Amino acid sequence: MHYLSIPDGKKHPLFIFLSFSPMTPNRYYPVEMIAERGFHVLSFCYQEATADNGDFSNGIAPLLLPGGQKKGTDCGKIAMWAWCAMRILDHAAALPEIDMSQAAIIGHSRLGKTALYAGMMDPRFRYVFSNNAGCSGDALTRGNLGLRGEKGPYGGTGETIADITRRFPYWFCPNYQKYAQNNVPDDFDQHFLLAAIAPRFVSVSASAEDDWADPVSEQLCCVAAGKQWEKLGLPGFVHQDRLLEPGQTLPEGRVAFSLRAGAHFLSYHNWQWDMDFMERHKEETV
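At position 97 of the sequence shown the residue is numbered 97 (my numbering), and the sequence of numbers has no breaks.
A couple of the hints might just be wrong.
To be verified - Pairs of lysine-lysine, DSBU-like flavour, derived with a Cα cap of 35 Å:
1. 282 / 231
2. 178 / 11
3. 11 / 227
4. 231 / 178
Think of the hints as simulated: they come from the structure by calculation, not from any bench. These figures come from a predicted structure and were not determined experimentally.
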């Protein structure tokens, strides 16, 4: 674990950053810019918690599943990485320089899925940021590019449940593979995951060239999820009835969406948008 702190004796907001690399900084983690904006960061490399494979005998895996995955409801690696993030938040709560009322979690790709899972499970995360989380994360499954059998604007197809459970079955509970045949659960889609974070704040970032994550399905997931906030009398996803252009962001509601030019990546611009979102909503009551 690495701690980026602001040593000025004042309380500052916090990111828990799920990192692909133990190196600090790294290509996803612009340390200097984050520090200049006045944010603490506690980061850890996800594979230091448990390996990104089907081996449930390393890291924290035997602590959570002593016998490995035996039952259909036994958690997968995404839940384990999320559990580790929540335990790091426990540690953060004991640090007097951290403003726990302004705690956020951020992750990219599979770690974007992990951030959403942790944010759903732990209400201490006021802000939840997923970047390019795509299938089984922040993109609707129904009607995505892969199920339509179409190519996206950059020549790719959208990932399906069949794709993801074939390549990464250990990310999920074994029961999730039941949906590989029809690719869509009868009574569920990914907006339920975002909606479970209400009444707190969630922000989805997509990349225009990331056909595999399907940015259209990611924006539509925000549209569907925002209705839960509206039921609570809160602004959900505040948007016009059109798809975003690259470089645009919709930060006004408690569900935000940003579309960055380029491919599958967590960039300097994503961090900027996320910190802007936190500062925009910091005075609102949850």
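Item to check | Restraint status (C-alpha distance of residue 282 to residue 231 at most 35 Å) | outcome: 22 Å, holds
Next on the checklist: What's the verdict on residue 11 and residue 227, does the C-alpha distance respect the 35 Å limit or exceed it?
Outcome noted: 34 Å, holds
Checklist entry - Is it true that the CA of residue 231 sits at most 35 Å from the CA of residue 178? => result With Cα atoms ~31 Å apart, residue 231 and residue 178 stay inside 35 Å; holds.
Next on the checklist: So if I understand the rule, the pair passes when the alpha-carbon distance is 35 Å or less; does residue 178 with residue 11 pass?
Outcome noted: 47 Å, violated
Taken one by one, the earlier hints fail for this structure only at number 2.
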